[in-house]
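S.K.: Residue strings, one per chain:
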Amino acid sequence: ETGVTQTPRHLVMGMTNKKSLKCEQHLGHNAMYWYKQSAKKPLELMFVYNFKEQTENNSVPSRFSPECPNSSHLFLHLHTLQPEDSALYLCASSQGLAGNEQFFGPGTRLTVL
Amino acid sequence: GNSVTQMEGPVTLSEEAFLTINCTYTATGYPSLFWYVQYPGEGLQLLLKATKADDKGSNKGFEATYRKETTSFHLEKGSVQVSDSAVYFCALRGAAGNKLTFGGGTRVLVKP
Numbered sequence: 001e002t003g004v005t006q007t008p009r010h011l012v013m014g015m016t017n018k019k020s021l022k023c024e025q026h027l028g029h030n031a032m033y034w035y036k037q038s039a040k041k042p043l044e045l046m047f048v049y050n051f052k053e054q055t056e057n058n059s060v061p062s063r064f065s066p067e068c069p070n071s072s073h074l075f076l077h078l079h080t081l082q083p084e085d086s087a088l089y090l091c092a093s094s095q096g097l098a099g100n101e102q103f104f105g106p107g108t109r110l111t112v113l
Numbered sequence: 001g002n003s004v005t006q007m008e009g010p011v012t013l014s015e016e017a018f019l020t021i022n023c024t025y026t027a028t029g030y031p032s033l034f035w036y037v038q039y040p041g042e043g044l045q046l047l048l049k050a051t052k053a054d055d056k057g058s059n060k061g062f063e064a065t066y067r068k069e070t071t072s073f074h075l076e077k078g079s080v081q082v083s084d085s086a087v088y089f090c091a092l093r094g095a096a097g098n099k100l101t102f103g104g105g106t107r108v109l110v111k112p
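If you're matching them up, the sequences are chains U and E in order. 11 is the number that my numbering gives to position 11 of the first sequence; each next residue is one higher, with no gaps. 86 is the number that my numbering gives to position 86 of the second sequence; each next residue is one higher, with no gaps.
As a list, the in silico SDA-like pairs of lysine to any residue whose alpha-carbon atoms are at most 20 angstroms apart:
#, chain 1, residue 1, chain 2, residue 2
1, E, Lys99, U, Pro66
2, E, Lys99, U, Asn50
3, U, Lys40, E, Asn22
4, E, Lys99, U, Phe51
5, E, Lys49, U, Gly96
6, U, Lys40, E, Leu109
7, E, Lys99, U, Pro42
8, E, Lys99, U, Gln54
9, U, Lys36, U, Gln54
10, E, Lys52, U, Leu97
11, E, Lys52, U, Glu101
12, E, Lys60, E, Glu15
13, E, Lys49, U, Glu101
14, U, Lys40, E, Gly41
15, E, Lys77, E, Val110
16, U, Lys41, E, Val11
17, U, Lys41, E, Pro40
18, E, Lys99, U, Leu97
Short derived list, chain E residues pointing at chain U, Cβ under 7 angstroms:
#, residue
19, Glu42
20, Gly43
21, Leu44
22, Leu46
23, Asn98
24, Phe102
25, Gly104
In short, the hints are calculated from the structure, not lab data. Don't be surprised by glycine CBs; every beta carbon is placed ideally from N, CA and C.
Using the sequences and the hints given, assemble the complete structure.
M.R.: Right, here's the structure in full:
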């Protein structure tokens, strides 16, 4: 595997389900990001991790819970989501936070019924 | 705060036509500017960037010039191909940190 991978690529879940999105980067980076891409809205930054420590939470509801066990892996745990949370969730990574290019994964298309 | 405004799509054009996607921004200080491209079913890829005024970013036949006087970073390509069909995002990164602010994206459809 190369670059940034995300699993699953597609996920359908009910509002009472608990699921997790996984992101893995194979680039040796130490910063990782979660973005939300909704229809007809700009890409929204959700969370930023640097060296496994969360450095930014962009006022994201607590039904989204990120986890970064190491610099290569990032999870987004989902619990009691709403239909309006349906979107494409993109993971990205970069070498540090000091203005280096972010590399994006292909995203997980989430549908909440 | 920072913001990016880009033209709404979809933009539909024929192969070999000239493409322009307008992008303007609001930011304090001297941001870096980017164009990302998202092909169907894929994540975003960096297309080109410019880090200071009057810089021109270029890649794959695409160009954009950082115009501080008009706070713009318009994307252009002289002759598009069907394979250029994608969604294009203009973005900026403020002078401090690594937070990217994106525009809403412009879908481009090139027909043979």
